[in-house]
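J.: In order, the protein sequences belong to chains D and P.
Going by numbering that gives the first Met the number 0, the first residue of the first sequence is number 0, and it counts up by one from there.
Going by numbering that gives the first Met the number 0, the first residue of the second sequence is number 0, and it counts up by one from there.
By construction, these hints were calculated from the structure, which means they are not laboratory data.
As the structure is a prediction and not an experimental result, all values here were calculated from the model.
Every residue gets a Cβ at the ideal spot worked out from N, C-alpha and C, and that includes glycine.
One thing to keep in mind: the hints can contain errors.
Said to hold, decoys possible - Examples of chain D residues lying across from chain P (beta carbon under 8 Å, computed):
#	residue
1	ILE7
2	SER14
3	GLY23
4	ARG26
5	GLN27
6	TYR37
7	SER40
This is what each chain is made of:
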Amino acid sequence: MKNRLKEIRAIRGISQEELADILGVSRQTISSLENGRYNPSILLAFKIAHYFGMPIEDIFIYEEEDDDGR
Amino acid sequence: MEDKIRQQKIKAFIMGGVAYLLGTILYDALGYKKSYSREIFGLIFLVIGRSLYDLYQYKKYPKIKEKEKQLEKDERLVFIRDRAAYITNNIVFAALIIIWFVSIVKGNGELSDYVSCFIAFIFVVMELVKYYLSKRI
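Throw the hints in and build the complete structure from the sequences for me.
T.: Written as structure tokens, this is what we have:
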């Protein structure tokens, strides 16, 4: 699964640390999400989408061949 | 913040080691005979030392401790812990089967009995936990 988290975060001008604090996760989790090493739970995906005020599918892009999940 | 938490964990680990050493040194200084109680004495010091150090850290840096508690629930770390536990379980299971096989080949009946019981115990606990979780999730 691809995502536009890094791009959206940069547009909003907030750091990984700040976003991590807001979402209640570690900075490393944000970093892993942005690098595509880790896919979030549906709950975290909703939290991120809610924070940025965007639909989930505008941030996370599902790809059919990506069946591994994480 | 996360770097500070990591530093504090390293400090706490070192403090635990120092407390353990202090306990064993004190045990020797008191002139007791060397036995398993020396290690137990050291462990008691370790637990007390770590508890006091954690309390001191909590009083001095309450925000860092709050963040540490919050990070315990971080889903990526929970995932890493679960995966690590799963891999460790498989490695331990494989190691036990190897030990059991070697003990059979070498004719060590007592050891193979103990290892068989332990493997059966792990297997039963694993199945019980799976059953419990399948009912809850």
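J.: Hint by hint, say whether it matches the structure.
T.: Evaluated hints:
no.: 1; hint: ILE7; verdict: violated (19 Å)
no.: 2; hint: SER14; verdict: violated (12 Å)
no.: 3; hint: GLY23; verdict: holds (6 Å)
no.: 4; hint: ARG26; verdict: holds (6 Å)
no.: 5; hint: GLN27; verdict: holds (7 Å)
no.: 6; hint: TYR37; verdict: holds (5 Å)
no.: 7; hint: SER40; verdict: holds (5 Å)
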